[in-house]
Amino acid sequence: MHSKINNERTEISAVVGRELRLRDILNTQDVGPLLQVLTSGIVQAAAVTDEKGSVLWAKSSPPDTEAVHLSILEDIRQGKTSGPCWKVSPLQHEGEVIGFILLYFHDAANEHFLSPLLGTVSACLSALILNNAKRIMTTEVHSALVDSSFEELLESNRRLSASEQRYRELSEALQSMVDEKTAELKKTFSRMLKQEKLSSIGQLAAGMAHEINNPVGFISSNLNTFAKYMHNLRDMLMFYRGAQGAASSESEPLYSKLKIDFILKDSIDLIQQSSHGVHRIKEIVSNLKDFSHIDDARHISVDLSAELDKALNVLSHKISERSVKVIRSYGSVPQIEGDPADISLAFLNILVNALDSRDRGLVISITTAISGPGVFVTISDNGCGIPAVIQDRIFEPFFSTHETGKGMGMGLTVAYDIVSSLGGDIEVRSEDGKGTAFVITFPITKP
Amino acid sequence: MIEYDEQGKKMVLKLVYYGPAMSGKTKNLLSLHDLIEKKGRGDLMMLDTADDRTIYFDLLPFLIACPSVLKIKIKVYTVPGQVKHDATRKAVLSRADGVAFIADSRLAEMQNNAESFENLEKNLGFVGIDIEKIPLVIQFNKRDLKDIIPEEEVRETWGKTDLPILMASALFGKGVTETFWALLERTYEAIDARIGLNANHGLTRESFLSRILSLSTSNPKS
Ligand SMILES: Nc1nc2c(ncn2[C@@H]2O[C@H](COP(=O)(O)OP(=O)(O)OP(=O)(O)O)[C@@H](O)[C@H]2O)c(=O)[nH]1
Ligand SMILES: [Mg+2]
Numbered sequence: 001m002h003s004k005i006n007n008e009r010t011e012i013s014a015v016v017g018r019e020l021r022l023r024d025i026l027n028t029q030d031v032g033p034l035l036q037v038l039t040s041g042i043v044q045a046a047a048v049t050d051e052k053g054s055v056l057w058a059k060s061s062p063p064d065t066e067a068v069h070l071s072i073l074e075d076i077r078q079g080k081t082s083g084p085c086w087k088v089s090p091l092q093h094e095g096e097v098i099g100f101i102l103l104y105f106h107d108a109a110n111e112h113f114l115s116p117l118l119g120t121v122s123a124c125l126s127a128l129i130l131n132n133a134k135r136i137m138t139t140e141v142h143s144a145l146v147d148s149s150f151e152e153l154l155e156s157n158r159r160l161s162a163s164e165q166r167y168r169e170l171s172e173a174l175q176s177m178v179d180e181k182t183a184e185l186k187k188t189f190s191r192m193l194k195q196e197k198l199s200s201i202g203q204l205a206a207g208m209a210h211e212i213n214n215p216v217g218f219i220s221s222n223l224n225t226f227a228k229y230m231h232n233l234r235d236m237l238m239f240y241r242g243a244q245g246a247a248s249s250e251s252e253p254l255y256s257k258l259k260i261d262f263i264l265k266d267s268i269d270l271i272q273q274s275s276h277g278v279h280r281i282k283e284i285v286s287n288l289k290d291f292s293h294i295d296d297a298r299h300i301s302v303d304l305s306a307e308l309d310k311a312l313n314v315l316s317h318k319i320s321e322r323s324v325k326v327i328r329s330y331g332s333v334p335q336i337e338g339d340p341a342d343i344s345l346a347f348l349n350i351l352v353n354a355l356d357s358r359d360r361g362l363v364i365s366i367t368t369a370i371s372g373p374g375v376f377v378t379i380s381d382n383g384c385g386i387p388a389v390i391q392d393r394i395f396e397p398f399f400s401t402h403e404t405g406k407g408m409g410m411g412l413t414v415a416y417d418i419v420s421s422l423g424g425d426i427e428v429r430s431e432d433g434k435g436t437a438f439v440i441t442f443p444i445t446k447p
Numbered sequence: 001m002i003e004y005d006e007q008g009k010k011m012v013l014k015l016v017y018y019g020p021a022m023s024g025k026t027k028n029l030l031s032l033h034d035l036i037e038k039k040g041r042g043d044l045m046m047l048d049t050a051d052d053r054t055i056y057f058d059l060l061p062f063l064i065a066c067p068s069v070l071k072i073k074i075k076v077y078t079v080p081g082q083v084k085h086d087a088t089r090k091a092v093l094s095r096a097d098g099v100a101f102i103a104d105s106r107l108a109e110m111q112n113n114a115e116s117f118e119n120l121e122k123n124l125g126f127v128g129i130d131i132e133k134i135p136l137v138i139q140f141n142k143r144d145l146k147d148i149i150p151e152e153e154v155r156e157t158w159g160k161t162d163l164p165i166l167m168a169s170a171l172f173g174k175g176v177t178e179t180f181w182a183l184l185e186r187t188y189e190a191i192d193a194r195i196g197l198n199a200n201h202g203l204t205r206e207s208f209l210s211r212i213l214s215l216s217t218s219n220p221k222s
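Protein sequences appear in the order of chains Z and C.
At position 85 of the first sequence (counting the first as 1) the number is 85 in our numbering, and the numbers step up by one without a gap.
At position 35 of the second sequence (counting the first as 1) the number is 35 in our numbering, and the numbers step up by one without a gap.
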């Protein structure tokens, strides 16, 4: 379609000035009736020829005068304009002879009519020729105009739609560029936040580990020493009591009064309990250290169950505080490639979300399973659920149902970023009021 | 060239009077028609006009028979000057063999002249004619009026080009044949260079011009 227009453009279909021949200008409807009238009375034959003397239209009565015509036509070709019983008059267009009108008669008595008649007929035909030529030319220009304006219309339409297309593309590109940049910014920001969070947790943990480990270390070793001392003291005391002979009357009332028997026994217990406490502190610190993976290299094989446990450990006080029931059904799933700190952070964030879903009687069940191409970790709760209208927004940065100030709304975003950066996905299934399940998929790493 | 039929021994040339609206293109042809003898030219055909303004075009045809069998028909057209008839101007301009640009000498019309000339350049390009090659003459018409651009100024501006510049008053039949003569001279040169009017058809420049411009009064050059 376009190439056609282009062709016509270079050819320029609209040319004024095409040469017209008599047969282009006159037609049978114009000439026929005139010849009919002429031959029905005064003349026996009438014909219109082209500039070379070839007959275009002819009438005769009776209709058998062809032979005569032929000889006359030959005369016309020779340039003769009249002969016995016939006369021709030239027909002009644009100053050029483009044909002849021929009148023929049998009856010589009518000869004096011939010249005026021929004059009238040729004037009539000339007027017809002029009018028709004008009409043809105007029509030509008109159709040329229609053609060219149609072409122009098509062309400008094409240009218009092309530029519109360009604008649309541009604005679409712009939109997608803006979207891209926004997404990138959001990602960068959430990554930054995540790293910030991670590193602050990590730093905190490292600091705590350092700060706590020292005093805890000496408390623990002091307690051990102290326990030994206590044993020694007790042994010494018992020895003196026995050497004095069974129950010296002087010291025995004081011994009873000071409840030394109880003290000796309880001291050991106290030391033992303190040792336990210190041990527990050590454990917590080491959990924190584990969780923040301060020492780990990134992208190693990660045991998902271990990371889930670490996340639960970090949250253990909240879990026991609210007597949350945690059901773990870990299947035997392959390890996946990733950053263990990231992965446990993802779990942590989802678990935090679950913990906030209900005050009392909260049950969180955690399942890991292998299915098809991936490892599935499902963390489900029997909490308040997530309304359908906001389900697809919960992974958006800064989307939070908490009132402003309570949370950043970045938890699930960070979780989603972590999981999707590993080629995985998080799907949320939730029923308002009944609970929520986060299904986290990790692609199985090819060995 | 509209047509060149070596078998039919006929050549049809097209000359176009171009210019802004109301500059006197139609008037030029009317004057030519009156000034040139009936022999050798056809009638002036004016297609519909509205309030004196050309809508389609005007046509004044001329016929020359060469000493050879070649017959030359020259069709002289005017274009409609009004801006809105641009498509018609293109159609009239296409395959032109020569252009006479009719400018309106009045100072108030200089802008229109310039725009029309730009339009001519653009449309020549559109119909695939090289403005550097096509025979082109410039006429400053309406010299009979006041508030017109001085001739020296015109010559100063246009003198840099080697185009013939003619002063005219079509209303009084002045400079009309001179303009046509100048256009025909240039056109003859161009056609002669292409098909050898003199060498192949025995038509000299002088006989070409005099056959067309057999004036009712007298030849402007003599
Ligand atoms: N005074 C004066 N008037 C002129 C002259 N030539 C033309 N006119 C007048 O200017 C008006 C326009 O002349 P036209 O020949 O119809 O102009 P045109 O260039 O054909 O105009 P369009 O057909 O609209 O393009 C008419 O009223 C003419 O009489 C001239 O030399 N002097
Ligand atoms: Mg006009």
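Just to be clear, a hint being listed does not mean it is correct.
[Stated by the list, open to error] Between beta-carbon pairs, the in silico distance windows are:
| # | chain 1 | residue 1 | chain 2 | residue 2 | range |
| --- | --- | --- | --- | --- | --- |
| 1 | C | Phe126 | Z | Arg393 | 40 to 50 Å |
| 2 | Z | Arg135 | C | Lys9 | 57 to 67 Å |
| 3 | C | Gly128 | Z | Asn27 | 28 to 38 Å |
| 4 | C | Phe172 | Z | Arg77 | 21 to 31 Å |
| 5 | Z | Asn27 | C | Lys160 | 49 to 59 Å |
| 6 | C | Lys39 | Z | Arg135 | 53 to 63 Å |
FYI, nobody ran anything at the bench for these hints, they're computed from the structure.
In this text, a Cβ means the ideal position worked out from N, Cα and C, and glycines have one as well.
A quick look at each hint next to the structure:
1. Phe126/C with Arg393/Z: 40 to 50 Å: 58 Å, violated
2. Arg135/Z with Lys9/C: 57 to 67 Å: With a Cβ separation near 29 Å, Arg135/Z and Lys9/C fall outside 57 to 67 Å, so the hint is violated.
3. Gly128/C with Asn27/Z: 28 to 38 Å: This hint holds: roughly 34 Å between Cβ atoms.
4. Phe172/C with Arg77/Z: 21 to 31 Å: 47 Å, violated
5. Asn27/Z with Lys160/C: 49 to 59 Å: At 54 Å between Cβs, range holds.
6. Lys39/C with Arg135/Z: 53 to 63 Å: For Lys39/C and Arg135/Z the Cβ distance comes to about 28 Å; the hint is violated.
The structure is inconsistent with the numbered hints 1, 2, 4 and 6, although it conforms to all the rest.
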